[in-house]
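**Q** Build out the structure end to end from the sequences listed, making use of the hints.
Take a look at the letters that make up each chain.
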Amino acid sequence: MAFNATINAILRHCRFLNSANSTLHLTNNTRCFSHASSPSPSQSFKANDKDPHSAPSSLKDNELAKFAAISDTWWDSEGPFKPLHLMNPTRLAFIRSTLCRHFKRDPYSTRPFEGLKIVDVGCGGGILSEPLARLGATVTGVDAVEKNIKIAQLHADLDPTTSTIEYCCTTAEKLVEEGRTFDAVMALEVIEHVANPEEFCKSLAALTNPDGATVISTINRSMRAYATAIVAAEYILHWLPKGTHQWSTFLTPEELAMILHRTGINVEEMAGFVYNPLTGRWLLSDDISVNFIAFATKIQNTI
Amino acid sequence: MNRLVKKTVSNLFALKIPSRSICTGAVNVPASTVPEILNENEKKENNTISSNSVQQYDIAIVGGGMVGMALASFLAIMPMTKQLSVATIDSNPALSGSMSIKKEDPPDPRVSTVTPATISFLQDAGAWKYVWDYTGLGYARYNARDVNKDFLGCVAENKVLHSALLSCIKDSDFKNTIYPLRLNSMTLNRSSMSVVEENMSSRESSPAQGQCAKLQLSDGSSIYAKLVVGADGGKSRVRELAGFKTTGWNYSQNAIICTVEHPSENRCAWQRFLPTGPIALLPIGDNFSNIVWTMSPTESNQRKSITEEEFLKDVNSALDYGYGSRPTSSLSGTRDVFSWFKMGTTVSANESFEIPPKITKLASQRMVFPLSLRHANSYASKRVVLIGDAAHTVHPLAGQGVNLGFGDAYSLSRVIAEGIALGTDIGEVNLLKKYEAERKPANIAMMAVLESFQKAYSVDFGPFNILRAAAFHGANYIPPLKRSIISYASGEQNFPIFL
Ligand SMILES: Cc1cc2nc3c(=O)[nH]c(=O)nc-3n(C[C@H](O)[C@H](O)[C@H](O)COP(=O)(O)OP(=O)(O)OC[C@H]3O[C@@H](n4cnc5c(N)ncnc54)[C@H](O)[C@@H]3O)c2cc1C
Ligand SMILES: C[S@@+](CC[C@H](N)C(=O)[O-])C[C@H]1O[C@@H](n2cnc3c(N)ncnc32)[C@H](O)[C@@H]1O
Chain A
1 MAFNATINAI LRHCRFLNSA NSTLHLTNNT RCFSHASSPS PSQSFKANDK
51 DPHSAPSSLK DNELAKFAAI SDTWWDSEGP FKPLHLMNPT RLAFIRSTLC
101 RHFKRDPYST RPFEGLKIVD VGCGGGILSE PLARLGATVT GVDAVEKNIK
151 IAQLHADLDP TTSTIEYCCT TAEKLVEEGR TFDAVMALEV IEHVANPEEF
201 CKSLAALTNP DGATVISTIN RSMRAYATAI VAAEYILHWL PKGTHQWSTF
251 LTPEELAMIL HRTGINVEEM AGFVYNPLTG RWLLSDDISV NFIAFATKIQ
301 NTI
Chain B
1 MNRLVKKTVS NLFALKIPSR SICTGAVNVP ASTVPEILNE NEKKENNTIS
51 SNSVQQYDIA IVGGGMVGMA LASFLAIMPM TKQLSVATID SNPALSGSMS
101 IKKEDPPDPR VSTVTPATIS FLQDAGAWKY VWDYTGLGYA RYNARDVNKD
151 FLGCVAENKV LHSALLSCIK DSDFKNTIYP LRLNSMTLNR SSMSVVEENM
201 SSRESSPAQG QCAKLQLSDG SSIYAKLVVG ADGGKSRVRE LAGFKTTGWN
251 YSQNAIICTV EHPSENRCAW QRFLPTGPIA LLPIGDNFSN IVWTMSPTES
301 NQRKSITEEE FLKDVNSALD YGYGSRPTSS LSGTRDVFSW FKMGTTVSAN
351 ESFEIPPKIT KLASQRMVFP LSLRHANSYA SKRVVLIGDA AHTVHPLAGQ
401 GVNLGFGDAY SLSRVIAEGI ALGTDIGEVN LLKKYEAERK PANIAMMAVL
451 ESFQKAYSVD FGPFNILRAA AFHGANYIPP LKRSIISYAS GEQNFPIFL
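If you read the protein sequences in the order shown, they are chains A and B.
Just so we're aligned, residue 1 is where the first sequence starts under this note's numbering, counting upward by one.
Just so we're aligned, residue 1 is where the second sequence starts under this note's numbering, counting upward by one.
Hint data in this document are derived by calculation from the structure and do not stem from the laboratory.
Heads up, a few of these hints could be off.
Said to hold, decoys possible - Calculated lysine to any residue pairs in the SDA-like style (CA-CA distance at most 20 angstroms, straight line):
(1) B/K433 <-> A/L86
(2) A/K117 <-> A/F94
(3) B/K214 <-> B/T187
(4) B/K175 <-> A/S109
(5) B/K361 <-> B/E310
(6) B/K382 <-> A/D76
(7) B/K440 <-> A/G280
(8) B/K382 <-> A/E78
(9) B/K433 <-> A/R281
(10) B/K304 <-> B/S317
(11) B/K382 <-> A/L86
(12) A/K104 <-> A/T297
(13) A/K104 <-> A/D211
(14) A/K104 <-> B/L422
(15) A/K82 <-> B/K433
(16) B/K382 <-> B/T246
(17) A/K104 <-> B/M80
**A** Below you can see the structure in the form of structure tokens.
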């Protein structure tokens with residue numbers, strides 16, 4: 001069947017690209033890593049064995065293979081994930097201000113997210129999960145690529161404040177099946193890589209507490225985004241390996257807002273990221289034509 | 001009356017370095033010579049930290065000079081940074097001793113010209129009021145009508161600035177642990193993946209320290225820190241250990257620095273350009289002034305060893321009639337090759353010339369410093385950042401050294417605060433590069449300005465001198481140009497006009 005052929009191709013591809021021990025494990029068995037000293041609820045996932053054929057609908061295998069191939073470069077600030085590293089302070093500024101307002105937290109606190117349960121869906125190497133933990137949140141990071149989770153766990157263990165992060169190789173859909181919910185759900189730069197954005201958004205909504213918040217960031221399907229992100233970032237600046245993004249899978253801000261609305265989530269605030277090639281930094285702006293981030297809350301009509 | 005500002009220079013630091021070369025000199029010239037000069041004032045109070053226990057900090061500041069302590073005091077007051085745990089490593093006993101400055105103490109021969117920008121940083125940190133307490137009214141006011149500011153800056157003894165910063169930190173509840181030691185070596189885990197891999201292979205090494213730099217101190221103990229700040233001066237050990245390359249050269253000039261006494265109070269700063277280099281006279285309160293006199297190494301060694309009488313005679317003649325006639329104040333004065341450099345108002349050029357007050361006594365020993373220009377090609381890498389003289393040493397001509405350093409400390413403290421607000425690892429290179437991006441252009445621009453001043457006045461006697469004097473007269477007569485020089489020298493503009 002076509003699916004198996006793809007998997008085999010991916011596995012071969014990965015062996016070729018990486019050293020022997022770094023094959024891709026697609027999740028037919030949810031694996032969890034968590035800090036040894038803290039017995040965590042994550043163990044319960046292990047029971048959740050699944051056949052790869054019934055893997056959740058949002059997984060897109062060729063997308064995942066791309067990330068597996070470069071997973072050991074997550075924390076190289078000059079490596080393929082450089083754009084995420086550079087964008088991180090900017091998106092955290094947005095998250096900090098929207099969440100502080102929503103959860104009525106002191107914006108001058110050094111740990112304003114103390115006590116908030118946050119899930120970082122598609123956490124990759126933990127570029128976003130770690131700062132969230134430093135800001136006091138109780139973070140769960142999930143990613144469909146086991147290698148990413150391994151890297152994320154090892155890196156987080158280097159610092160006592162981030163070693164509390166619970167990392168699991170799983171998907172949003174499985175977390176929903178397990179009935180888990182969070183105060184805030186993050187899915188940054190993930191939706192453009194999933195097979196079915198609508199299903200994916202449904203899962204994000206289901207993971208969000210009724211009075212919780214959802215934050216999604218992605219790349220726009222605009223000519224400028226094409227020029228900036230795909231051509232410039234992938235080919236000219238060699239930021240991302242070629243083929244990391246596929247044009248047709250991008251959503252416009254309107255499309256994202258509509259999809260979220262159908263899943264019972266209302267976008268309340270949106271901001272754009274603009275890249276300044278002179279300073280090499282990203283800034284938050286109201287120009288959402290290339291990269292954008294959305295803060296959304298649940299529509300309360302059922303109450 | 002329209003009191004002029006005759007541009008200033010001053011001096012500082014207490015290293016007595018016999019060799020004239022900073023590049024070739026050994027890296028380990030002990031700053032422990034500093035105490036020799038400070039000794040009357042301190043009691044050694046050694047609260048040495050147990051050497052076997054492993055200590056972990058957010059930030060290790062190597063070098064507790066004015067710039068390092070300025071950083072600590074800036075961190076101590078900001079809501080985002082005041083909870084950080086900081087270790088300061090410096091064997092200078094002034095840091096651990098409870099040093100008190102008495103009014104009757106002779107003034108510190110090392111003084112700094114502090115600019116309004118520096119003063120406002122120090123005000124922000126709450127350190128300025130201590131400077132004020134220490135000095136009372138014994139500071140010089142500068143006229144700066146050209147730039148519509150209250151004043152161009154003031155001269156303060158280094159001892160006073162340093163103690164003010166220390167008191168400010170002590171009076172806060174900031175956790176600053178002082179290690180009265182020196183940094184010997186440093187281990188950095190540079191590549192994030194090597195950390196991960198090491199951790200994969202040797203799980204027994206404490207993972208919590210994987211994200212830290214390890215600093216080995218002179219007593220054999222080690223401490224760990226997420227961020228190492230090299231504030232250890234022009235011969236920075238941190239800079240060397242972290243592998244930062246520098247660009248620079250020596251001026252093959254030395255400066256003699258000392259404090260002198262006048263029969264009456266001097267309230268005016270002076271600088272005069274001699275064929276051998278500039279001489280500056282800075283009022284430091286009461287009847288005292290500070291002398292910074294640049295000359296060749298041979299001359300400086302000779303002038304250090306001659307008797308006090310002979311030396312005073314030399315100084316007086318250098319400041320007044322020696323080396324040619326007194327300058328006139330009109331443009332015809334281009335024939336006067338030894339022009340006075342007046343940072344006064346445009347009007348000031350029309351005033352009749354004043355003679356600096358006579359010097360009657362030497363009030364300190366004569367200290368000799370080699371001069372050099374050195375700039376680190378980069379200020380930041382993963383877990384290490386350089387500030388102050390460790391990043392850049394400049395000619396003391398315009399008295400900018402410590403001001404650039406305070407600017408660095410201020411900028412770095414803001415960048416760290418922003419990093420903490422966004423949950424960033426404070427040793428992350430992308431964060432630290434932000435500080436570098438903010439400070440490097442400003443520092444390079446200032447270095448270029450000082451360098452062009454230095455170049456203009458360091459050529460041997462000859463027809464060039466006439467041109468150089470004319471150039472300065474020119475500057476004196478073109479208000480916009482001069483205004484920019486002044487406003488740049490006072491640290492409030494990002495770029496000089498010499499672009
Ligand atoms: C002749 C002269 C005149 C000057 N005049 C002026 C002026 O008028 N105005 C002005 O603004 N600037 C002036 N400067 C420049 C000014 O002195 C410096 O810019 C300023 O002192 C820099 O401060 P810092 O804290 O960076 O370094 P420093 O003052 O050099 O302090 C470095 C500290 O690091 C410590 N240290 C060094 N190595 C180690 C180690 N391995 N381990 C632990 N600790 C270590 C030392 O003990 C010292 O306390 C002048 C300089 C000279 C040479
Ligand atoms: C561009 S990275 C973004 C990483 C991280 N969110 C960040 O912004 O730093 C996309 C990540 O999403 C993961 N991913 C893609 N599809 C996924 C899915 N359906 N479920 C979970 N993770 C997925 C990939 O493995 C990859 O690590």
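**Q** For every hint, state whether the structure bears it out.
**A** Outcome of the hint check:
no.: 1; hint: B/K433 <-> A/L86; verdict: 11 angstroms, holds
no.: 2; hint: A/K117 <-> A/F94; verdict: 18 angstroms, holds
no.: 3; hint: B/K214 <-> B/T187; verdict: 5 angstroms, holds
no.: 4; hint: B/K175 <-> A/S109; verdict: 18 angstroms, holds
no.: 5; hint: B/K361 <-> B/E310; verdict: 11 angstroms, holds
no.: 6; hint: B/K382 <-> A/D76; verdict: 11 angstroms, holds
no.: 7; hint: B/K440 <-> A/G280; verdict: 15 angstroms, holds
no.: 8; hint: B/K382 <-> A/E78; verdict: 12 angstroms, holds
no.: 9; hint: B/K433 <-> A/R281; verdict: 11 angstroms, holds
no.: 10; hint: B/K304 <-> B/S317; verdict: 16 angstroms, holds
no.: 11; hint: B/K382 <-> A/L86; verdict: 15 angstroms, holds
no.: 12; hint: A/K104 <-> A/T297; verdict: 14 angstroms, holds
no.: 13; hint: A/K104 <-> A/D211; verdict: 12 angstroms, holds
no.: 14; hint: A/K104 <-> B/L422; verdict: 17 angstroms, holds
no.: 15; hint: A/K82 <-> B/K433; verdict: 14 angstroms, holds
no.: 16; hint: B/K382 <-> B/T246; verdict: 18 angstroms, holds
no.: 17; hint: A/K104 <-> B/M80; verdict: 18 angstroms, holds
In the structure shown, no violation is registered for any of the earlier numbered hints.
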